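Chemist: The whole structure should be built from the sequences, with the hints applied where relevant.
2 protein chains.
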Amino acid sequence: MVLVNGIFTDSVKANDRGLMYGDGVFRTLRVERGVPRYWDRHYLKLNSDCAALGITCPSAALLENELNLAAEKTPDCVAKIVVTRGPGERGFLPEAAAEPTRIILTSPMPDRVKHDEIRAYLCKLRLSRQPALAGIKHLNRLENILARMEWRDPDIAEGILLDAEGNVIEGTMSSLFLYRERGLVAPDLSFCGVGGVQRERVLEYAREKGIPVEIKPFGIDFLKQADEVFLVNSVIGLWQIVSLENASWQKGAFCEALRNWLQ
Amino acid sequence: MVLVNGIFTDSVKANDRGLMYGDGVFRTLRVERGVPRYWDRHYLKLNSDCAALGITCPSAALLENELNLAAEKTPDCVAKIVVTRGPGERGFLPEAAAEPTRIILTSPMPDRVKHDEIRAYLCKLRLSRQPALAGIKHLNRLENILARMEWRDPDIAEGILLDAEGNVIEGTMSSLFLYRERGLVAPDLSFCGVGGVQRERVLEYAREKGIPVEIKPFGIDFLKQADEVFLVNSVIGLWQIVSLENASWQKGAFCEALRNWLQ
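Those sequence lines, one after another, are chains A and B. So the first sequence is residues 1 to 263, counted in my numbering. So the second sequence is residues 264 to 526, counted in my numbering.
Keep in mind the hints are simulated off the structure, nothing from the lab. Remember, predicted model here, so these are calculated numbers, not experimental data. The beta-carbon is built from N, C-alpha and C at its ideal position, and this holds for glycine as well.
Anything over 10 angstroms on all C-beta distances counts as not near chain A; from chain B, calculated:
id : residue
1  : 325
2  : 379
3  : 476
4  : 520
Result set (DSSO-like, lysine-lysine): computed pairs, CA atoms no more than 30 angstroms apart in a straight line:
id : chain 1 : residue 1 : chain 2 : residue 2
5  : A       : 13        : B       : 343
6  : B       : 387       : A       : 216
7  : B       : 400       : A       : 137
8  : B       : 400       : A       : 80
9  : A       : 137       : B       : 276
10 : A       : 124       : B       : 479
Modeler: What follows is the structure, given as structure tokens:
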């Protein structure tokens with residue numbers, strides 16, 4: 001199902017700035033029994049991402065209505081919400097009167113959601129550092145695509161991305177965390193990477209349970225020394241990494257408890 | 264006029280990877296009396312940009328036919344050619360069978376083409392360094408948009424972009440050169456920036472005239488000491504910068520000769 005500006009259609013104007021320049025943002029979330037999970041948080045993030053780019057975010061009520069409409073026939077699905085700056089004339093400067101485009105796409109829940117432990121791959125591509133875009137889930141995703149094209153082995157579920165300076169940042173489509181010495185460590189996303197709702201929820205879990213949290217830059221060797229390494233996003237939930245290059249991990253108690261809490 | 268995959272329509276599939284991820288490349292060129300200027304060179308660049316992203320580039324003949332069709336009613340126009348990886352299911356990994364999408368958009372020649380000397384602005388946004396994407400005219404253009412949104416003064420025609428390390432790279436929509444000590448200096452585009460057909464033609468001019476060329480990193484102070492500073496692209500031709508921050512220049516003989524040669 002595709003809904004564009006509230007209408008069931010699978011087409012978007014060719015001069016939409018989302019297409020011309022990747023000028024927009026998105027969210028991906030699960031809809032369960034017709035209810036978009038953690039909608040309030042997703043909307044908050046969508047809204048702040050829009051603000052960072054100077055895009056007027058459509059209202060939460062409007063988007064939620066359209067989400068419900070799109071998911072009417074498939075009450076359990078993955079929904080992707082895209083907000084672009086809208087159609088425009090040629091040129092990078094947005095027109096003051098630009099009307100944002102709202103796109104809702106639903107798709108079936110993927111099989112891979114069923115895994116709990118996964119093998120990961122260390123991507124060769126290094127993320128560039130751009131503080132003006134760091135943390136934003138925007139439509140400029142060529143780095144993720146090039147990284148994802150590095151492996152075809154279906155037994156590898158996700159690729160780990162470092163930045164140009166060797167800091168571990170995230171998975172190609174997920175947020176990364178370490179558990180070590182009874183504390184949680186999350187990468188610093190000041191220079192690159194994508195912030196996510198599940199990332200926030202993991203941090204909330206740590207606060208709730210009194211688990212110390214450090215958000216800081218770290219390299220791949222530090223990651224390999226962790227007791228547990230895991231990835232989260234709104235579709236997969238939590239994946240514990242059990243194999244990455246020459247490192248391997250057993251199924252961990254922290255990941256299991258956190259996974260149960262997240263669900 | 265908009266032509267999508269050879270058909271007059273202004274709509275593109277909502278799940279096109281060009282829209283979802285900025286997964287594609289483009290060229291902008293002038294069509295004069297129905298003839299796309301420097302088409303062979305534009306196609307070569309389009310083709311190599313596609314190859315760099317693993318996109319199968321449509322044939323030159325097919326695109327040229329569609330360009331002619333799009334420009335039939337407006338023999339003097341600006342044509343933009345976009346090639347995306349095509350529609351796809353959710354997920355960064357491209358499907359092997361992805362059929363690229365071809366989009367041709369024509370628009371009237373802008374007024375600003377008539378200027379020869381311009382005022383420029385030094386953008387605050389710094390380009391990130393990503394060797395995997397450097398030089399490619401791809402659809403991930405949020406940096407250019409954020410940079411272009413920094414000024415609204417209509418008397419400023421272009422913004423100059425530095426990279427994260429302070430190297431001068433380009434204009435937001437143009438290639439930059441210096442003329443100093445009877446030699447041409449061009450920024451090194453190994454880490455960021457966009458390669459262009461007019462950039463290649465300027466380098467060709469220098470070779471033809473026996474003018475020494477250096478392609479190297481340089482900062483804003485080096486730029487300000489140049490005898491002439493100029494910008495080129497396929498639509499504007501050549502713009503000499505006469506004012507940038509506290510620096511100013513007189514109309515220069517090198518720029519004038521080069522402009523005539525380019526035309």
